[in-house]
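Each protein sequence line maps, in turn, to chains A and B.
Counted from 1, the first sequence has number 2 at position 2 by the numbering used here; the numbering is strictly sequential.
Counted from 1, the second sequence has number 131 at position 131 by the numbering used here; the numbering is strictly sequential.
It should be emphasised that the hints constitute simulated quantities derived from the structure, not laboratory data.
What you are looking at is a predicted structure, and each value in this text was computed from that prediction instead of being measured.
Heads up, the beta-carbon is just placed ideally off N, CA and C, and yes, glycines get one too.
Any given hint could be a false lead.
Here are the in silico distance ranges between beta carbons for each label pair [unchecked claim]: (1) 244(A) to 36(B): 37 to 43 Å; (2) 271(A) to 257(B): 39 to 45 Å; (3) 187(B) to 40(A): 49 to 55 Å; (4) 271(A) to 45(B): 54 to 60 Å; (5) 179(A) to 197(B): 43 to 49 Å; (6) 179(A) to 101(B): 34 to 40 Å; (7) 197(B) to 83(A): 45 to 51 Å.
Covered stretches of chain B (chain A as the covering partner; in silico rule of three or more C-beta atoms under 8 Å from a C-beta of chain A) [what the hints assert, rightly or not]: (8) 94–104; (9) 202–208; (10) 277–285.
Protein chains: 2
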Amino acid sequence: MQTDWIAVDWGTSNLRVWAMAGNRIVAQATSEDGMGRLDRDGFEPALLRLIEPWLGQRQTEIIACGMVGSRQGWYEAPYRATPCTPLDFASLVTVPTRDARIAVRIVPGLKQVKSPDVMRGEETQIAGVLALKPGFDGVICLPGTHSKWVHISAGEVVSFQTFMTGELFALLSTQSVLRHGMAGGGWDDAAFDAALSDALSRPERIGAKLFSLRAEGLIANLTPAAARARLSGLLIGVELAASRPFWLGQQVVIVGSEALAKSYTRALAAQGAAPQMLDATEATLAGLTAARHKVTA
Amino acid sequence: MQTDWIAVDWGTSNLRVWAMAGNRIVAQATSEDGMGRLDRDGFEPALLRLIEPWLGQRQTEIIACGMVGSRQGWYEAPYRATPCTPLDFASLVTVPTRDARIAVRIVPGLKQVKSPDVMRGEETQIAGVLALKPGFDGVICLPGTHSKWVHISAGEVVSFQTFMTGELFALLSTQSVLRHGMAGGGWDDAAFDAALSDALSRPERIGAKLFSLRAEGLIANLTPAAARARLSGLLIGVELAASRPFWLGQQVVIVGSEALAKSYTRALAAQGAAPQMLDATEATLAGLTAARHKVTA
Chain A
1 MQTDWIAVDW GTSNLRVWAM AGNRIVAQAT SEDGMGRLDR DGFEPALLRL
51 IEPWLGQRQT EIIACGMVGS RQGWYEAPYR ATPCTPLDFA SLVTVPTRDA
101 RIAVRIVPGL KQVKSPDVMR GEETQIAGVL ALKPGFDGVI CLPGTHSKWV
151 HISAGEVVSF QTFMTGELFA LLSTQSVLRH GMAGGGWDDA AFDAALSDAL
201 SRPERIGAKL FSLRAEGLIA NLTPAAARAR LSGLLIGVEL AASRPFWLGQ
251 QVVIVGSEAL AKSYTRALAA QGAAPQMLDA TEATLAGLTA ARHKVTA
Chain B
1 MQTDWIAVDW GTSNLRVWAM AGNRIVAQAT SEDGMGRLDR DGFEPALLRL
51 IEPWLGQRQT EIIACGMVGS RQGWYEAPYR ATPCTPLDFA SLVTVPTRDA
101 RIAVRIVPGL KQVKSPDVMR GEETQIAGVL ALKPGFDGVI CLPGTHSKWV
151 HISAGEVVSF QTFMTGELFA LLSTQSVLRH GMAGGGWDDA AFDAALSDAL
201 SRPERIGAKL FSLRAEGLIA NLTPAAARAR LSGLLIGVEL AASRPFWLGQ
251 QVVIVGSEAL AKSYTRALAA QGAAPQMLDA TEATLAGLTA ARHKVTA
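Please take these sequences and the hints and turn them into a complete structure.
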């Protein structure tokens, strides 16, 4: 099948590319050439290393989202200000390339000036949700390194808020004193549930509850599986305590990787909410496809 | 002046030693041979490298506190269970040494079984406070990597609680996405005060407030000095929200390094408390001196 365009999700740590025929995937590839390890001149070669086999005689159109459009990325795609639609044709930024076989456009991120906040990449997943669920009004939760909660109304991003939950989990489980009690991994649903409930009712105790994982590891035989699940439950619990105005009584769609989306769904279900789940990659591809349709429309 | 004993504060990152004549300092030395970089056979040589010049014909008595007594340390000094006095002569642990010129004893840490918690090193500083302020009843706050709040009554540690505040500050300011907005250091008291107040009144928002430091750095020209002070204010604010039962209406002594003790004093003063400050090293030495007196009494 012929590749008629290429979808690119280019984050801080990874580069993922898909050869597309319309909205169908023809081939895919990934590398660890994320923005974080490239200087400005490294982006085009890193992309070509993955997509070279898919290029033909005609110029191939490429739509990219993510940190590739940040100031430290390949080419800056300035933030658009909310409230606004997640995508806007006129705002896609064309990247100058040396190789004439590719025509690269980057989807800009969004910024919120009042209650300052930013996103890059999630706007494309939001556009994907709206493409897959036309007319959706409600809240989109995008758990991850920097979890986002997003109010959607009439096809626009009305407001959003970012939480450092995922980055805190990564730092605490691998770089802090708590790492000693988590070697070996594993998971314990009951520990997750208890920690979640605890953090939702007493979020201010987070600093002490974190250290308790260390203390219980030393003197109360806390297992690595329970420690890991409790750390997650505590951090997600504090996030849900603060994001209550987003999810309480709202229609919520969770867009994330399977494991993380399941944890958030379980957590919200325990609070009486009934979120829907949508795969993050599916949302990204639907969003990039929507961006491409706007370009070619 | 003759060295009649040696005081040792041996933590995860540093080794600090003092040649003492009674309760006076004759000489001091430090190295980076903390517990974290030594295996079991490395402790005695690391100590001798620093104290060799102070050793004479007679055997020299050495009293050590800190992580040196942990399971991963030189020789385990099992935790004593609270409620208890911070020091107990009979519980000092004698370390077998190869070099007959030294007689090394380690002060054990404390554990709290209900609401599991542990300390190692702080028990010695607490003993120091009680030596310097005989009859003290009230609360001792020991800010640091793992900040401790300790209820003291009738010379005993009644209960305590540890917060990961200092480790969170270190991880977030040097390892997280927030590090980009903090290069260059500096400090901003007004930013600290505002963040403190914010976190005390809405502690559950910590995850979002942390990310706002990144967002404001990108789109609202937040300075590194303000970002750094706000990070500190947010984390200390959440700690004070949870430690309120310790400090509200209590006599509080803060034992810490000068800069950190000043931040906690400023924070508590803003809440109407009037803590006293005591230098951490002074407290450690007073505690080790008290332990030595108990040994030789």
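Hint says 49 to 55 Å; check whether the CB-CB distance for residue 187(B) and residue 40(A) agrees. 33 Å, violated
At a Cβ distance under 8 Å, does chain A reach at least three residues of the region 202–208 of chain B? As far as the region 202–208 of chain B goes, the hint holds, because 7 residues have Cβ atoms under 8 Å from chain A.
How about the region 277–285 of chain B: do at least three of its residues have a C-beta closer than 8 Å to a C-beta of chain A? violated (count 0)
Residue 45(B) and residue 271(A) - C-beta distance against the hinted 54 to 60 Å: Taking Cβ atoms as reference, residue 271(A) and residue 45(B) lie about 56 Å apart, which means the hint holds.
Given the hint of 39 to 45 Å, check if residue 271(A) and residue 257(B) actually sit that far apart at their C-beta atoms. 42 Å, holds
Are there at least three residues in the region 94–104 of chain B whose beta carbon sits under 8 Å from a beta carbon of chain A? Violated: only 0 residues of the region 94–104 of chain B have a Cβ under 8 Å from chain A.
Indicate whether the distance between the beta carbons of residue 179(A) and residue 101(B) respects the range 34 to 40 Å. 38 Å, holds
Does the Cβ pair residue 244(A), residue 36(B) satisfy 37 to 43 Å? 40 Å, holds
So does residue 179(A) sit 43 to 49 Å from residue 197(B), Cβ to Cβ? Hint violated: Cβ distance 33 Å, outside 43 to 49 Å.
Honestly, do residue 197(B) and residue 83(A) meet the 45 to 51 Å range at C-beta? 29 Å, violated
In this structure, the hints that do not hold are numbers 3, 5, 7, 8 and 10, in rising order.
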